[in-house]
Amino acid sequence: MIRLRWRALTTACVLFLLWSVVWTSHVTAEEDKSEGGPPLVAMEFDDVDIRVFIKFISTLTGKNFVLDNDVKGTINLVSPSRVSPEEAYRVFESVLEVYGFTTIPSGPIVKIVPLRTAKDRGVETLVAPGMPLAGPQDNMVTQIIPLKHANADDLQKVLTPLVSKTSVIAADSKSNTLIVTDVHSNIRRLMEILREIDVSGVENTTSVIELEHASAEDLADKLRLLMEGERKTRPAGKQGEEEVFKVLAVDRINALVVFANKDDTEEIKRLVARLDRPTPSGKDNIHVLYLKNAVAEDIANVLTQFRDQAKTAGAGQATGDRPKAPTISADVVISPDKATNSLVIRSSPQEFKELTRIIEKLDIQRAMVYVEGLVMEVNTDKALRLGVEWHAGNDFDNQSAFWFGGNTAGSAGALGTIFSGLQSSTPVFALPGGLALGVIGRQLTYGGISFPSYSALINAIKSDTDFNILSTPQILTTDNEEAEVRVAQNIPYQTRLDQGTEVTSRAISTFEYKDVGVNLKVTPQINQDRFVRMQIEQEVRSVVRDSTVDSAGNVILAPVTNVRSAKTTVIVKDGETVVLGGLIQDTERGDETRVPCLGSIPVIGWAFKTTSQRREKINLLVFLTPHIIENTEEARAVYQQKEREIKDSLIRQKALQGPGAKLLNDEKPRGALPETPDSSESGNTETPSGTPE
1 MIRLRWRALT
11 TACVLFLLWS
21 VVWTSHVTAE
31 EDKSEGGPPL
41 VAMEFDDVDI
51 RVFIKFISTL
61 TGKNFVLDND
71 VKGTINLVSP
81 SRVSPEEAYR
91 VFESVLEVYG
101 FTTIPSGPIV
111 KIVPLRTAKD
121 RGVETLVAPG
131 MPLAGPQDNM
141 VTQIIPLKHA
151 NADDLQKVLT
161 PLVSKTSVIA
171 ADSKSNTLIV
181 TDVHSNIRRL
191 MEILREIDVS
201 GVENTTSVIE
211 LEHASAEDLA
221 DKLRLLMEGE
231 RKTRPAGKQG
241 EEEVFKVLAV
251 DRINALVVFA
261 NKDDTEEIKR
271 LVARLDRPTP
281 SGKDNIHVLY
291 LKNAVAEDIA
301 NVLTQFRDQA
311 KTAGAGQATG
321 DRPKAPTISA
331 DVVISPDKAT
341 NSLVIRSSPQ
351 EFKELTRIIE
361 KLDIQRAMVY
371 VEGLVMEVNT
381 DKALRLGVEW
391 HAGNDFDNQS
401 AFWFGGNTAG
411 SAGALGTIFS
421 GLQSSTPVFA
431 LPGGLALGVI
441 GRQLTYGGIS
451 FPSYSALINA
461 IKSDTDFNIL
471 STPQILTTDN
481 EEAEVRVAQN
491 IPYQTRLDQG
501 TEVTSRAIST
511 FEYKDVGVNL
521 KVTPQINQDR
531 FVRMQIEQEV
541 RSVVRDSTVD
551 SAGNVILAPV
561 TNVRSAKTTV
571 IVKDGETVVL
581 GGLIQDTERG
591 DETRVPCLGS
601 IPVIGWAFKT
611 TSQRREKINL
621 LVFLTPHIIE
631 NTEEARAVYQ
641 QKEREIKDSL
651 IRQKALQGPG
661 AKLLNDEKPR
671 GALPETPDSS
681 ESGNTETPSG
691 TPE
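Read in order, the letters of the sequence shown correspond to residues 1 to 693 in our numbering.
I should point out that these hints are in silico values taken from the structure, not numbers from a laboratory.
Virtual Cβ for every residue (Gly too), placed ideally from N, Cα, C.
Treat the hints with care, since some could be wrong.
Unchecked claim - No farther apart than 25 Å at their CA atoms in a straight line, the calculated lysine-lysine pairs in the DSS-like style are these:
no.	residue 1	residue 2
1	K567	K521
2	K609	K642
3	K157	K246
4	K246	K292
5	K642	K521
6	K654	K642
7	K353	K338
To be verified - Have a look at the derived ranges for each label pair, beta carbon to beta carbon:
no.	residue 1	residue 2	range
8	K157	V344	41 to 47 Å
9	Q350	E481	31 to 37 Å
10	E44	D251	33 to 39 Å
11	Y493	V288	26 to 32 Å
12	N301	D498	29 to 35 Å
13	A339	T495	40 to 46 Å
All chains, full assembly: derive it from the sequences and hints.
Here it is in structure tokens:
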């Protein structure tokens, strides 16, 4: 006996410890004393056993619960705000209702049973004199609803589809009373419907009309408008009688609940029979809409996002505060067809009408922007070279040679320019640039190389450079669309060199080609007052050196390039020019070549050395001019302007060729722009080849 008691005590302790672990790991309940009111609690339960949850509510409210054997499972509850014990108990009843259970008060205890068996367990009975609304709780109750005007048997048929399978609606014809067993929240919804239906009328009846094709909500709105208009045209005698007419839409079963007198009910049934028909051919729910200007894929994406956002916004509202359903429902399907630039839409005729109105505002002809560009490099390059170069030599039986003097007597310097001409297969005597004074002796040959036996040269040269126009890109693009102009060369880069093998002695090179030149990207956006906002990306690449020599003496195609780029956003008025500048490269270099010792002697040393100085400043300027084109007149004006510029350029080019050159009006070069329709000249113009244009 003692052993049995000890075992029972041990089991109870283990269960208590397990309950404590579950409590501390899964339940968070913080109490807070409100000022002068009951304590507030914040509840948060994550996969907690439902019996632990019931124990928590019992401790909080002081209620005694009796649990059915089928009350099992886990629950999840998130309550970020603190609530009072009374509110916590209502939350408790809602949680039980969600998980298929309900409470049945019975004296000092509360029974917790499954919903499916609650109606057989003696639930609480409420009487509703004057039809007050039931409370917001979610426990199972039986509500007695006496009716004043409507027929109980008729309403039983109407309300039965609106309750769950575990609920019961009974009608007592003698007392004209409805008896409903359901959770509090559902009974509240039913009583709201009854409050609209159970009103005074002239022999009013309630009917349920099920629909096959039409939408219950749309048809209910149309019937209300029709019946209200019909009543205004009735004779004065009938119009003075008190008549009540109600049409409610039940979307869940797609049916209409009609509360009206017999004549109105029959009229409504006849109207419904005529309106509840399949959509005629050509007016069905599949529509094809061809676009004129916009891209079908873009319009489809916009409308789909609008539909999804409207659906999310509607779902986020509380049931009582939910706004009117969005014009575009979640059932609408929009598919673009790229081949025909059209939209295939599946929707109701009302929704398609709304979609058509939206698409007409989006499918408009957008303005275009003609962008003129000028990429110019301003190069301030100043170089000065001054010095004396000389050498002397003798030929000793073609075995060896003796040299004396010559600070740059090789491939470099002013003498190198002369030697290069003598060593070529077709020797050409070439003097260096600038002022050159000196003497050159007879030609000697050593090692297959020809050179003068003696030479002396005094050289002085100064050079200045100005500016260089790299590119004049011009492009026409649509508003808010990116345009790109690329003028470049495809330069090979040697990425791999495989030496010869036993099979072949030739080296195999692998190349990668990259673009080197001018690249301009611009995205114009037309604002108010004909201002253009342009996103600009400008890049200029130039080759500094074509190749290099590796350690083995092999020439490798590894070009070295300069990259100058700018990325910015500017706002400029239509027809005005904006300049992007400031990309400056400033280099200064000085070289001196001299004969050791002799070149260091004051004054005399100038005869044995050469000095050069070079200073270079490079500034890259980008000029951009946007022209807005909104109609054909503006497009024609831009065309005529560019035509005049080309003609003027060709005239100046002809004038530079000599006084005997013919002007453009006598003979149009091949490739020139054609005359505009308003040109003063008429007739065909022939190209130099005689082909009429």
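Each hint, compared with the structure:
Straight-line distance between C-alpha atoms of K567 and K521 comes to about 9 Å, which keeps the hinted pair within the 25 Å bound. The suggested pairing of K609 with K642 is violated, with an alpha-carbon distance near 56 Å, which exceeds 25 Å. Straight-line distance between C-alpha atoms of K157 and K246 comes to about 17 Å, which keeps the hinted pair within the 25 Å bound. Note on K246 and K292: the hinted pairing is violated, with a Cα-Cα distance of about 46 Å set against a maximum of 25 Å.
Distance check on the hinted pair: K642 and K521 sit about 21 Å apart at the alpha-carbon level, within 25 Å; holds. Distance hint between K654 and K642 is fulfilled; the C-alpha atoms sit about 19 Å from each other, no more than 25 Å. Taking the CA atoms of K353 and K338, the gap is near 23 Å; set against the 25 Å cutoff, the hint holds. Judged by the Cβ atoms, the range 41 to 47 Å given for K157 and V344 holds: they are separated by roughly 42 Å.
At about 35 Å, the beta-carbon gap between Q350 and E481 stays in the expected band of 31 to 37 Å. Distance hint for E44 and D251: a CB-CB separation of about 35 Å, consistent with the stated range 33 to 39 Å. For Y493 and V288, the hinted distance range of 26 to 32 Å is not satisfied, since their beta carbons lie about 52 Å from each other. A beta carbon spacing of about 50 Å between N301 and D498 contradicts the range 29 to 35 Å that was offered as a hint.
Our hint of 40 to 46 Å for A339 and T495 holds, since their Cβ atoms are close to 42 Å apart.
In this structure, the earlier hints numbered 2, 4, 11, 12 are contradicted, and the remaining ones agree with it.
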